[in-house]
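Number of protein chains: 2
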Amino acid sequence: MEDKILLAHGSGGKLSHDLISKNFLPLFRNPLLDKLDDAAVFELNGRLAFTTDSYVVNPVFFPGGDIGKLAVCGTVNDLAMSGATPLYLSVALVIEEGFPLADLQRVMKSVQSAAEEAEVQVITGDTKVVNRGSADGLFINTAGIGVVPRGVDISGASARPGDRVVISGTIGEHGIAVMSQREGLRFSGSIESDCASLNKLVADMLATGGRIHCLRDPTRGGLAGTLNEFAAQSGAGIKITEEAIPVQDAVHAACELLGFDPLHVANEGKLVVIVDRDDAEKVLAKMRRNRLGKQSAIIGEVVAEHPGRVVMETCLGASRIVDMPVGELLPRIC
Amino acid sequence: MEDKILLAHGSGGKLSHDLISKNFLPLFRNPLLDKLDDAAVFELNGRLAFTTDSYVVNPVFFPGGDIGKLAVCGTVNDLAMSGATPLYLSVALVIEEGFPLADLQRVMKSVQSAAEEAEVQVITGDTKVVNRGSADGLFINTAGIGVVPRGVDISGASARPGDRVVISGTIGEHGIAVMSQREGLRFSGSIESDCASLNKLVADMLATGGRIHCLRDPTRGGLAGTLNEFAAQSGAGIKITEEAIPVQDAVHAACELLGFDPLHVANEGKLVVIVDRDDAEKVLAKMRRNRLGKQSAIIGEVVAEHPGRVVMETCLGASRIVDMPVGELLPRIC
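Residue numbers (the numbering used here), protein chains in the order written: chain A, 590 to 923; chain B, 590 to 923.
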């Protein structure tokens, strides 16, 4: 076996088969994948959720995770945010010729660990190799399928005045962790990506019976992006309080230094939930009992005023509009 | 609006939203996509098929198609090859900074046309932009979901001695068309990619009630790759006759000139079916009545001898082993 990926590994010929059968199949062994047909076939009934994301994070390995873990958690989370129980994933690789085989193996091991932890199965995949210089190392696409339990109806368009806005923990770690790795920066206190699968946290929240209206993970665009999406989709206003938003000191310091707003920085293991006022405390209490929601906090509410806009009361007592980020602060963060 | 794609178009911020809402949504308008939640949610019951493929074809535009058409047809075909009726697609883009917006619009229009023709809906998507030099123009991943009708049970492992091997038409056009476009070669007679969605051809074949055992589209690795996969998965031998395999004269000439074996060259609108001996003529007759199967032909049979191997009787009367292609003849053909 070569120690670098060759073009022929993506040819559909003998080397492709060897790469897949020696390196990928033993990791993911399950009856659906093992058939190696063009599509995986399985029985499933009900309201299904379907989503896709491509991951182009640079560098491939960063504090707290790598592109493989990210590709599983990200798609699991997109399913979970519709209230679905994630079940099945596809994994499609675009690899640059010359990519070290050992790195690919390490990434695929991460895919496997993250899938096992989230209790999802990888059942279909694809491997393409492009010439050196035609891609940057490794890109991964994952698509996912889940089942939405009866009675669950969550959408970014369902926020109503009076609802409470809850975040599941501190914001900004993922973006800062990837960027500091890429740029070789060091901050006092190590900042690790929060990359994690949130499906079990969501299951806990749903189990409370609390009326959950909107649910989303604030990835690219950060908390500001997600809240603006909710406001726009629901035609409602959102009011948040800066003081209530949990941010790690190290992230705060890094953002100050670099001129970033933590509200705009990507997260990969956090969710924002908009919940009926009367159920907010119940849902919050349950979230805090989950390992991934310990620092959950109510950070604001949905209001009838300024529909489509997010307004923040700052630590200084002033009000400011929280805009959707316009440019690209941190390219290739996921 | 800029006339080139910027990094900020992939930021998850304002420019991302503008790109998607102005350029993509109007093309694909459907209630599932229009909700713009993290996952599309729909009711579906039964035996489902799920598949994924990433497309990295170079160049993006080639005679007979482009990366957008290819990304739809390829995934529709992977679903159809499991006997499924394709229903839903995801479309995930990785775009290189600086890619012309007009080209992206043209590709997405192709995605829309191909989806409409195949009667599938694009219901979820993703857009990432990477720095100039970190990808080559545009890569597209499509994943797809379909429903397998009751009673249909097709797998590459189901070939039995006595079964007939049928190809749905001439081989090798796609690979030669892409390569000649890329290398600026001209052959007498224009060679166009055969890129097409085969789901309706498969539906016609299933409607005959003929016992279809294996079905696959011979893309990367060509006809030789697919037949070797069937032989390996089924633990049977396959015997084919060179004379019976339809090849366009221009493709033949191009392959001779370039030293390629048409059996190794990729197709994107052809299928290979292994069918019970007694049903072969019935299925073949039906295939020939479909626009995409006019030149269908029986090219061989499954045998008990040489299990796992494909053997061809050549035009000269000799027998030779048809190997799985080993290296990479034509990188980035799909």
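No lab work stands behind these hints: they were computed from the structure. Because the structure is a prediction, the values reported are computed rather than measured. Misleading hints may appear alongside valid ones.
[To be verified] Derived pair list, reagent style PhoX-like, types lysine-lysine, alpha-carbon separation capped at 25 Å:
#1 A:K624 x B:K828
#2 B:K603 x A:K698
#3 A:K603 x B:K828
#4 A:K828 x B:K828
#5 A:K624 x A:K611
We went through each hint and held it up to the structure:
1. A:K624 x B:K828: Since the Cα atoms of A:K624 and B:K828 sit roughly 23 Å apart, the hinted pair holds (cutoff 25 Å).
2. B:K603 x A:K698: violated (36 Å)
3. A:K603 x B:K828: holds (20 Å)
4. A:K828 x B:K828: With a Cα-Cα distance of about 71 Å, the restraint between A:K828 and B:K828 is violated, given a limit of 25 Å.
5. A:K624 x A:K611: Holds: A:K624 and A:K611 sit about 15 Å apart, inside 25 Å.
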